[in-house]
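The hints should help you fit chain B onto chain A, whose structure is shown.
Chains as they are written, first to last, in numbering that gives the first Met the number 0: chain A, 0 to 255; chain B, 0 to 296.
Derived by calculation from the structure, the hints in this document are not laboratory data. Computed from a predicted structure; not experimentally measured. Take these hints with a grain of salt, some might be off.
[Said to hold, decoys possible] Selected chain A positions facing chain B (in silico; Cβ < 8 Å):
| no. | residue |
| --- | --- |
| 1 | Pro17 |
| 2 | Val25 |
| 3 | Asp32 |
| 4 | Thr33 |
| 5 | His96 |
| 6 | Arg97 |
| 7 | Tyr103 |
| 8 | Arg107 |
| 9 | Gly108 |
| 10 | Thr110 |
| 11 | Arg180 |
| 12 | Ala255 |
We treat Cβ as the ideally placed atom computed from N, Cα and C, and that holds for glycine.
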Amino acid sequence: MSQTAVTSPVLARMETRPGFVRLVAVEVRKLVDTRSSLAIFAVLAVLATALVVGIAAMGAAQGTVTTFAGLAGSIGLFTGLAMPLIGILGMTSDISHRTSYIYYPLMRGRTAQFWAKVLAAAVLALALQGFVFVVSAVMALALGAEAAEAFDGAAPALWTGVATCLLSTLFGVAMAAAIRRTALSIVAVILITLVGNGLILTLLPEASGYLSTITAAAALLGGPEAPSALEVASSLTLWYVLPLGIGWWITEKGEA
Amino acid sequence: MGVTKTYAGRTVVDSVGFECPKGAITGFLGSNGAGKSTTLRIAAGLTHADTGEVLFAGRRRQDLQSPGRSIGFVLDPTALHPGRTLQETLKLNAMLLDIPRSRVDEVLGITGLEAVRKKRVASLSLGMRQRLVLGMALLAKPQFLVMDEPSNGLDADGALWVRNFLKHFSSGGGTVLLSSHLLRDVQAVADHIVMIDRGRIVASGEAAGFSISSRTRVAALDPGRLAEVCSSRGWTVEVTGKEFVVDAAPEDIGRASLEHGIVLTHLSNVSDSALEERFLALTSGEFSSRNKLEEAR
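Next up, chain A with everything else stripped away, as it sits in the complex (with noise of 0.2 Å):
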């Protein structure tokens, strides 16, 4: 047979497999226990606030009743590029400072790994986006509209926030996944959210619905000008599924 071998008594004790939950704890707890992290979050948190708090100011100037969906809603560039960020630090983290060493040998396979970390950063994600919401229901509260008028079209906001937040997490995720190199991620993630869609749009005016990164984002707004579901599968398919297909088997394939 051909083999190297290691010879002891059969490997009885410890033979449990670590959950996927405590994996993707583990990959939660790795993306804020460094001062570097920590100090990430805490400007995204601090940008957020501030952008919540400007508009609800400008509002008020202007006399319009703010509400916690006006506030909620009005952020959406923000989140387009702050939750990518979340995603590309989660999925490189380990590149980059070569952790992996650590952490391939300690596991059976890094399929598990691999979508861990694709959780853990939706999880952040989430809990960012929870921080928008409190910081727009404080504001819109704060303003003196009353409870019902300031939470009006609420449920549809939180749904439409959520997803937003989870698509544009999950955006930054995969080209990661598939660039794996922490600053080239970013600057391809802002430059196809900033450059690349309106580009698409210009260009390819009847194909841009297939190929612009928003076009799932575009379908949660509906509407008349809602795409298709042949548009959203196009758009998922080109920014979503293929790089994080092409970045599971390069984890899984690859050397570490």
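Same frame as chain A, now just chain B:
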């Protein structure tokens, strides 16, 4: 047959197969680039072998439910997150392997890192990082230890501590695969030795079969009398200028000269290069850094 790995048409590990007996330390010797680290990376699942596989007690690593609880890998002390504290680095591993947090404190004590537990990895010396990686490997009280150059960066005390620890670990039934390019490091602890050169095993067997007698360089105020004393004890004396090389340990020569009132002016182990010569004789003798330097000249 054994494991084989080829990169871009170059075979870096060629049918490397051997067995590490339980409760023993197997030294895996070879120069830099001989294929040791690639073999160990294959064992750790970091690199996929083209053919062959590494078995732990008859099972592949990926067939174990939780490999990290049975096998401790000490591979690369630089592959650590610089922003994490030592304690946090260990806690993450403990969390992943479902090991009680109290074990982290134990390991910090065992590795002598208690005082620096709150320090960040970035501020640690290579030796301390090496201790930390060893601590991570020991967290789950594994049955196997696979170590790549564990003495790298360690001071003399640290290297001695590693050697003593490995002896203790193997005497308790643990199985150790210790890779090093330093013959002396391996020879001090190994029960078995496997030598690798350019990806192929060139020699293997009981460590005793590779033994190199202690040789000491010595000089005295009365060299003639010292030579007589050494010869009378059956030691071979080679004259090299004003010094002798004697095939005895320095402490034995020191005792003998003290007994005869001979004043020594020099006493030292024969340098590693001499040991290396013997190592090279057992391997191809073509890969030494000295040869490469000569080629470069």
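Hint-by-hint comparison with the structure:
Hint status for Pro17/A relative to chain B: holds, with the closest Cβ pair at about 6 Å, below 8 Å. Interface hint at Val25/A: satisfied, since its Cβ lies 5 Å from the closest Cβ of chain B, which is below the 8 Å cut-off. This hint holds: Asp32/A has a C-beta 5 Å from the nearest C-beta of chain B, less than the 8 Å allowed. Taking 8 Å as the C-beta cut-off, the interface hint given for Thr33/A holds, the closest approach to chain B being about 4 Å.
With a cut of 8 Å, the hint placing His96/A at the interface with chain B holds, because the nearest CB-to-CB distance is about 5 Å. Satisfaction of the interface hint for Arg97/A is found here, the shortest Cβ-Cβ separation to chain B being roughly 4 Å, below the 8 Å cut-off. Among the interface hints, the one on Tyr103/A holds; its C-beta lies about 6 Å from the nearest C-beta in chain B, closer than the 8 Å criterion. For the restraint placing Arg107/A at the interface with chain B, the shortest Cβ-Cβ distance is roughly 5 Å, inside the 8 Å limit, so the hint holds.
Taking 8 Å as the C-beta contact cut-off toward chain B, the hint placing Gly108/A at the interface holds, the least distance being around 6 Å. Annotation: Thr110/A was flagged as interfacial toward chain B, and the flag is violated, the nearest CB pair being 11 Å apart, outside 8 Å. Taking 8 Å as the C-beta contact cut-off toward chain B, the hint placing Arg180/A at the interface is violated, the least distance being around 17 Å. Interface hint status for Ala255/A: upheld, as the beta-carbon distance to the closest one in chain B is roughly 4 Å, under 8 Å.
Hints 10 and 11, counting from the list given before, are not met by this structure.
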